[in-house]
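**Q** The chain contents come next:
Number of protein chains: 2
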Amino acid sequence: MAIKQPDPSRRPAPNALADVLSKLAARFGNRYSANETIRQQHGHTLTWTPNQPPDAVVWPHSTEEVQEIVRLCASARVPVIPYGTGTSLEGHVNAPLGGVCIDVSQMKRIIAVHTEDLDCVVEPGVTRKELNEYLRDQGLFFPIDPGADASLGGMASTRASGTNAVRYGTMKDNVIALAAVAASGELIRTAGRAKKTSAGYDLTRLFVGAEGTLGIITELTLRLQGIPESISGGICPFPDVKSACDAVIMTIQTGLPVARIELLDRLQVQAVNAYSKLDLPDTPLLMVEFHGTEAGVAEQSRRFGEIAGECGGGPFGWTTKPEDRTKLWQARHDVYWASCALAPGKKAFSTDVCVPISRLAECVEETRRDIDATGLLAPMVGHVGDGNFHLIVLLDPEDPSELAKVEDFLERLVRRALSMEGTCTGEHGIGQAKQKYLDEELGGGALKAMRAIKQAMDPLGIMNPGKLGEV
Amino acid sequence: MAIKQPDPSRRPAPNALADVLSKLAARFGNRYSANETIRQQHGHTLTWTPNQPPDAVVWPHSTEEVQEIVRLCASARVPVIPYGTGTSLEGHVNAPLGGVCIDVSQMKRIIAVHTEDLDCVVEPGVTRKELNEYLRDQGLFFPIDPGADASLGGMASTRASGTNAVRYGTMKDNVIALAAVAASGELIRTAGRAKKTSAGYDLTRLFVGAEGTLGIITELTLRLQGIPESISGGICPFPDVKSACDAVIMTIQTGLPVARIELLDRLQVQAVNAYSKLDLPDTPLLMVEFHGTEAGVAEQSRRFGEIAGECGGGPFGWTTKPEDRTKLWQARHDVYWASCALAPGKKAFSTDVCVPISRLAECVEETRRDIDATGLLAPMVGHVGDGNFHLIVLLDPEDPSELAKVEDFLERLVRRALSMEGTCTGEHGIGQAKQKYLDEELGGGALKAMRAIKQAMDPLGIMNPGKLGEV
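Chains as they are written, first to last, in my numbering: chain A, 186 to 656; chain B, 186 to 656.
Misleading hints may appear alongside valid ones.
One copy or two, it doesn't matter: identical chains are merged, so the pair holds either way.
No more than 30 Å apart at the CA atoms, straight line, and that leaves these computed lysine-lysine pairs for DSBU-like [as the list claims (entries may be wrong)]:
{"hint": "1", "residue 1": "Lys293", "residue 2": "Lys633"}
{"hint": "2", "residue 1": "Lys633", "residue 2": "Lys208"}
{"hint": "3", "residue 1": "Lys590", "residue 2": "Lys532"}
{"hint": "4", "residue 1": "Lys462", "residue 2": "Lys506"}
{"hint": "5", "residue 1": "Lys590", "residue 2": "Lys189"}
None of these hints come from the bench; they were simulated from the model.
Sequences and hints are given; from them, build the entire structure.
**A** Here it is, written out as structure tokens:
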């Protein structure tokens with residue numbers, strides 16, 4: 186599947202580019218690099234699409250420095266590509282027109298924690314684990330957990346979510362305000378710290394998920410949660426995916442405030458058992474977690490067990506002991522490596538779609554049949570409370586026939602989700618790899634509006650070019 | 186306080202306007218009116234700003250008819266102003282340049298209810314009470330409750346919220362997708378029905394709160410909730426506003442999932458007692474509600490009572506009996522009329538600000554002192570779990586000195602909220618009356634971005650002109 190690339194005539198003039206790079210080198214010293222290995226590392230690594238390195242990488246330490254870099258680049262129409270930890274999954278940090286990668290990983294200050302307001306203000310290079318370590322003593326946590334220890338700026342830019350979005354929402358629900366450097370170099374502050382506002386267009390939500398194509402996020406005000414008094418978690422086997430999905434629907438519909446509800450299909454369970462030396466039942470499983478008071482999580486766990494039973498699953502074994510829960514979720518967090526171990530030597534990449542939960546069982550089952558018919562190896566794991574599931578596809582990207590097979594499969598997967606009123610991506614974003622589906626998903630009116638906004642806010646087209654419906 | 190008005194040279198040419206009106210009259214028959222009383226009713230009524238009627242009103246029955254009207258108006262640069270129930274509070278439906286009011290109140294179809302997915306698809310003229318009546322038999326409800334029985338299209342356009350936003354969020358959190366007619370007449374569909382998506386710019390959130398300045402919403406996909414098994418509610422007196430606010434902060438911080446937590450100041454309590462013939466304690470009160478299982482709400486109510494006691498308030502009397510709760514909330518819903526009754530003959534209008542809850546007590550107390558010093562009559566009621574509070578200001582708009590006093594007071598109120606990292610409006614919107622504060626609140630970068638977006642999506646400036654930072 187050919188990735189549509191931006192018109193190469195948009196590349197900056199070589200002299201102008203060289204001039205910008207030498208100015209950046211002089212200004213930033215050892216916080217500037219044009220080393221090839223480093224450039225390659227800042228092109229994309231976690232996808233099947235080819236790596237496209239930037240011309241140079243700069244590590245700013247402040248909003249003002251980001252403004253300085255953007256202004257300099259804008260003066261010569263040099264593209265700027267923001268970079269956090271490089272864990273995005275759809276080619277978001279590739280530099281198809283070259284340009285300057287702005288690596289925010291050294292912007293790591295936690296500027297303020299307002300415990301009474303349950304919010305904090307951070308720089309974009311802080312990762313979610315770093316933030317949670319910092320917060321732990323204060324009895325607070327930031328709930329969004331996309332798996333990777335991603336930077337918070339990157340998580341905002343891709344509208345990330347993860348295992349507990351079913352309870353706490355996605356990045357769109359947990360960014361109260363942000364500051365972003367616009368294509369002109371000007372700073373945009375989207376909101377104050379009030380929990381809600383009706384003051385003007387929702388620029389916060391416009392930058393969340395914009396994949397760096399409208400500006401570079403340099404500060405985030407995030408909503409925090411109190412660490413729950415008690416957490417219960419457990420595993421529940423089901424005879425098939427359908428009955429597991431039925432239990433999910435009933436759980437959500439009953440209003441049980443489940444904090445996590447993850448589906449592992451049978452192949453995924455087998456992979457995890459082999460890799461993590463576990464003896465989970467050899468069937469589709471739900472991994473479930475509740476947050477609340479001791480009495481609350483006990484009541485909720487019992488009710489979930491009843492629901493599972495009514496749907497043909499169970500028994501639901503649950504615990505509130507931290508060490509047992511940690512072991513349980515370790516298995517969940519190991520799925521990527523467990524999947525890789527299914528086919529040593531192959532490359533694993535992760536893709537996602539999301540459908541209304543009423544269609545989830547059907548979508549998952551059809552997809553499983555498709556995988557089996559195609560002969561691919563692709564275990565499945567899903568944030569099923571949201572109707573969102575992932576396939577970890579194992580392939581040899583050097584084998585053109587296998588690559589073609591995967592590409593065809595991905596296309597069928599997306600079309601299937603769209604035909605069920607779903608989306609081509611629940612939480613990974615569009616990046617380069619899913620651009621072709623945007624029009625199909627939303628129709629021409631939405632795409633025209635997106636392009637009009639992009640053109641208005643980045644008239645020179647320098648902000649992360651070639652991503653999110655731009656080409 | 187003079188409302189800044191759009192340049193009158195933007196008014197359509199009289200001949201072109203007359204031509205559009207005669208075409209609309211011919212096309213829509215008795216669903217078209219240029220009657221003066223009707224036009225006045227469609228100019229703004231619930232604020233202190235002068236009424237500015239449109240040149241005509243049309244009642245479309247479908248998205249296609251809205252497209253037809255917008256295309257016709259665009260061809261002659263005639264403004265279009267969307268209208269639901271006319272209950273917005275900051276002059277949103279005034280027609281400062283004249284033009285055609287598109288009254289969507291006859292677009293009332295409930296297109297689909299997906300009980301398994303907890304969502305529904307509705308036309309914009311359905312009101313929240315109509316929707317909830319329709320849903321009741323299915324055990325579902327739509328939680329957003331701004332007080333007035335507003336249209337759902339209007340609630341989306343002003344990013345409304347209300348008493349239970351503390352638990353269920355605002356319109357931004359409860360609109361899954363929408364369809365809007367753009368200034369060109371083209372239809373924009375912002376998303377499918379998946380519970381989350383990372384596919385492209387968040388156009389849904391861009392239209393929510395855009396006050397009709399980017400397009401006219403003609404369809405909404407809304408998130409629903411299961412009707413809770415049990416609801417407990419009660420009233421808790423506090424010696425002063427500060428201790429009530431302390432209890433709110435502790436409640437939120439403990440993670441108690443309060444569904445509603447409303448503060449009435451002493452003047453408001455006195456007004457409600459007099460009007461609704463109640464004998465509530467003559468002190469600041471919190472009105473609190475919990476949703477959940479029977480055991481859950483009992484546990485939560487007990488814990489709230491303990492918190493209130495620790496903060497110097499109480500006793501917290503609560504009940505799960507529907508008839509008692511109804512009486513309780515009737516008092517809350519009567520605050521507007523109860524306030525009016527404090528000064529017969531005067532006009533009451535409602536304004537709101539929102540601050541981080543750590544600053545709420547301070548903001549409320551300073552505001553109360555300011556009111557007393559100014560000699561205004563203005564009871565206070567607040568959605569304090571969100572840091573959002575309202576003043577119902579009683580005034581005679583024909584008395585210039587009183588009007589000036591109120592305008593000065595409003596300015597101080599907003600500046601106070603902004604100095605505490607809050608917003609000039611938590612849920613009413615900008616409309617005409619708060620335009621001057623947008624720049625002060627967000628700074629020039631944000632305003633420039635908003636104007637660039639407006640210009641890109643409505644190059645002729647015909648969509649609800651003179652609102653939300655446009656002038």
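**Q** Looking at the structure, which of the earlier hints fail to hold?
**A** none
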